[in-house]
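J.: Add chain F to chain V, keeping to what the hints say.
These protein sequence lines map, in sequence, to chains V and F.
Those letters in the first sequence? Residues 688 to 1209, by the working numbering.
Those letters in the second sequence? Residues 688 to 1209, by the working numbering.
Treat the hints with care, as some may be off.
Note that identical chains are pooled: a pair holds if it fits in a single copy or bridges any two copies.
[Said to hold, decoys possible] Pairs of lysine-lysine, DSS-like flavour, derived with a Cα cap of 27 Å:
{"#": "1", "residue 1": "K1129", "residue 2": "K1164"}
{"#": "2", "residue 1": "K1094", "residue 2": "K1129"}
{"#": "3", "residue 1": "K1072", "residue 2": "K1164"}
{"#": "4", "residue 1": "K1073", "residue 2": "K1164"}
{"#": "5", "residue 1": "K1094", "residue 2": "K1113"}
{"#": "6", "residue 1": "K1208", "residue 2": "K1072"}
{"#": "7", "residue 1": "K847", "residue 2": "K995"}
{"#": "8", "residue 1": "K822", "residue 2": "K756"}
{"#": "9", "residue 1": "K1094", "residue 2": "K1083"}
{"#": "10", "residue 1": "K766", "residue 2": "K995"}
Just so you know, the hints here were simulated from the structure itself, not pulled from any lab data.
2 protein chains.
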Amino acid sequence: MNKILIYDTTLRDGSQAEGVSFTVADKKKIALKLDEIGVHYIEGGWPGSNPKDKEFFKLMQSVKLNNAKLAAFSSTRRKGLKASEDPNYKELIDAKTPVVCIFGKSWDLHVIDVLKATLEENLEIIRDSVSFLKKKGKEVVYDAEHFFDGYKNNPEYALKTLQAADEAGADFLVLCDTNGGSLPEEVSGIIAEIKDHVKASLGIHTHNDCGLGVANSLSAVEAGCAQVQGTFNGFGERCGNADLSIIIAVLSSKLEYKTIPQNKLKSLKDTAYYISEIANLPIPDFHAFTGHSAFAHTAGVHIEAILKNSKAYEHIDPSTFGNHRRFITSELAGKMPLIQKAQELAVKIDKKSPEAKEILKALQKKELEGYQFEGADASFELFMKKHLKKYKPFFKLEGFRVHTEKKADGSAWAEATIHIEVKGEKRFSASDSVGPVDALDKALRKALIKSYPSLEHMHLTDFKVRVLDTKDGTSAKVRVLIESQDEHDAWTTVGVHENIIEASWEALVDSVEYKLLKDSKK
Amino acid sequence: MNKILIYDTTLRDGSQAEGVSFTVADKKKIALKLDEIGVHYIEGGWPGSNPKDKEFFKLMQSVKLNNAKLAAFSSTRRKGLKASEDPNYKELIDAKTPVVCIFGKSWDLHVIDVLKATLEENLEIIRDSVSFLKKKGKEVVYDAEHFFDGYKNNPEYALKTLQAADEAGADFLVLCDTNGGSLPEEVSGIIAEIKDHVKASLGIHTHNDCGLGVANSLSAVEAGCAQVQGTFNGFGERCGNADLSIIIAVLSSKLEYKTIPQNKLKSLKDTAYYISEIANLPIPDFHAFTGHSAFAHTAGVHIEAILKNSKAYEHIDPSTFGNHRRFITSELAGKMPLIQKAQELAVKIDKKSPEAKEILKALQKKELEGYQFEGADASFELFMKKHLKKYKPFFKLEGFRVHTEKKADGSAWAEATIHIEVKGEKRFSASDSVGPVDALDKALRKALIKSYPSLEHMHLTDFKVRVLDTKDGTSAKVRVLIESQDEHDAWTTVGVHENIIEASWEALVDSVEYKLLKDSKK
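The shape of chain V in the complex, shown without the other chains:
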């Protein structure tokens, strides 16, 4: 079984997706998650291009990765400078990663029109850049930008650029379909033509502009590429990069390749959602393998047939990659994810017990309402404990009011009042703030702090909102995810409602309850 190396560039090329803006902390979280699932390379950013990426690599020097090698990205050296003089290359070395990836020009059009160099100059730039980095002891991945377009225009020259990197000692020559305009047969045809003219291992980097990012990568692997570059969920500029979540799934289930470790395949869906949540870019429901609807059956004939033989309308067992079957009309769902989570929480629960059935029913109801517990571990734990009667409430809400106003002068403000009962005592508190959720948060804490002083040490670190049913526009249900933190942990809670204030309130309350529960265990 051939091994295909998975090179993830979610943190670099993926961050070019419209609307994505990772903080340094986001990047670290994603890197750790990618390492956990066992990708082989993590491209963290371009240290020479912006201070945030530079900071990320500095931070990562004190972080141990167990599976992946970290890579820093750059272009070939600047025209007219030696690699050793190029400030970009100083940053690249300072990033202290075992691997560097540099991209260079393969397409004569680019050399002449964009780089404004002669064809020979470009070859010298490639040679010098790769040699310099090899002398510094780096594993060098050479990204041949626009390789396929270049080859179609001038095959001889495109190959020469590859050979320049090859002779200078590059460890991987990665053929890039930068503009995403190539077709699978072109990709495999061109690879067959050049393969025997270089020594280094080949890699592939495709984009999705023709909806063929995955197909082109597979075609390249079948033609002999040993490394696949892409991003989780296909995040990337324009139509996105080749989608690693799909490529890993297809290579390991439909073709006989080894990618990430076998025992990590089940985490594919979770990893995809984790990254999607941090990027705040949703995974479309119809997304292959990991999407919410990927194994959802609507047609009556299909459902009937599946009950007779699951292979009838399923190309693969949904649990292979951590997803599950859904029958849209009948709301039957697998019990396994539930049992698994319960066991993680050290709650003994028998698959066939009436308890399990009842919780499953309640969970299905919640999911139907739009709750999604994948990214809201704390809310899920509370949900389980409440249903297993292992939860004693810390307080009881009797009601709240929030008022928001904008005046003619443009100023806006909010105030909240809240009635709760804590340890048998009724309390009323009020707070104002610039915004309604903060006013509510403050009022709640004010009412609780006397009884639970540890709340002083928790705070909200992130707050995300997503519309669930786009049909209804602003009256649609919204899902609020709140991330909180104290000195020890971070946790996420979820609330769902048509009213954004109420959804925020639910997530807020879960967050406080989780904190109090956590502290009460100490």
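T.: Chain F in isolation, oriented as in the chain V frame:
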């Protein structure tokens, strides 16, 4: 140039997508739009399976299509009945379409486990069904369900089922990858093997469960299929059907095939959004060819290069299919996108002019406050116009109030009041709703609709919130992005404030203003 027949099943297989529910009127609108763009076949539904589809075909008997032939769908006849006795076939004939499409079993597993018939019985069922329909004078499209899975399991029998339909006179034999688990090379390999053993023209029907729906269809066309079945935007059950909008684009621009008429290609994007709008399923921004971000450039190096030569980072001219290039505006990208955008807005602005400097300064101030125009093209256009004094306001806000309340019984609601001035006239309106943003949205529309009736046709499709400075928890600034859509376009607006209601309001107002501005240009 070979002609490939486009067989659209958005109204039948596409309606199986989770969340889609077409009315009869919706179906007629979509059928007319598909006819207008020049698809060759429109599969309207399954008259024997539900009364809505039956009604649709009745309605269509008085509608003239200029380009497309209408097709009605069904299965092969029921086991144990003659085709002439099957009530399904009565409905099929009563639909009075020139074309009928029936699906039959190719996979022995299905024949035995699902149909509960013998292999020979199934062949007889296929022969009888096709003969009956041919005798009734229909053009018969035979969908060989699960053909590839069947062939992989029992090639001899799968071929026999095709030959049964072929000998009975079917006009097209359509090979279906019903479960979406096949790979492009398998598809073309199997087609090569069976091609010479049947007389009728071949067609292809694929699904997207491995992210390969488009690739498999292209592979089949290259192997000799003359008809492609699919849906617009890839709508369909599970991961969807092969996406006709992409297939049409690739076949006509990357390969030398004729699909829809040349002069209709420019309507591809409009048709895609029109159907998306009626289905109430959004087209993801990164969708190939038609997506909002499909030709959006982020990276500074890419933008610079494109301005030198557009081929540098674009595989095709975006206008070919009615889309357009966008330079995403962000601090990192410098002045170029600004200049470009200004030019698109037909504003002459010199890179070095004091005007350009002033706008850039204002823009940087906005970005520092947390606005991110990356992705909020509509807000950016309004911002530019307002700064260049090219914008005349459609209305003026004098103030709003929003009240949200949760009672002890757990119920939550909201109400909004709003004062605005429209065309010199002061208006006050109030609205209640389950949530505060919707209450505000409704109150605003109520106040405006009399003066601007086109607002009826826009609605909000997505709503995202992101906390900007995570340190401040719930009192941090939030950025709200609202995506809106009408029958023609999608656009995004942004609002930033510490108060989530105020941030939503800003984005809401921009969205409405953009719509009104757009309409006023017509």
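J.: Taking the hints in turn, state whether each one holds.
T.: The hints, checked one at a time:
1. K1129 <-> K1164: both (25 Å within a copy, 16 Å between copies)
2. K1094 <-> K1129: both (23 Å within a copy, 19 Å between copies)
3. K1072 <-> K1164: within (25 Å within a copy, 34 Å between copies)
4. K1073 <-> K1164: For K1073 and K1164, only the intra-copy Cα distance (24 Å) is at most 27 Å; the inter-copy one is 34 Å.
5. K1094 <-> K1113: between (34 Å within a copy, 15 Å between copies)
6. K1208 <-> K1072: within (14 Å within a copy, 58 Å between copies)
7. K847 <-> K995: Between copies only: 24 Å across, 58 Å inside.
8. K822 <-> K756: within (19 Å within a copy, 67 Å between copies)
9. K1094 <-> K1083: Classified as between: cross-chain Cα gap 12 Å, same-chain 34 Å, threshold 27 Å.
10. K766 <-> K995: For K766 and K995, the Cα distance is within 27 Å only across copies (18 Å; inside one copy 66 Å).
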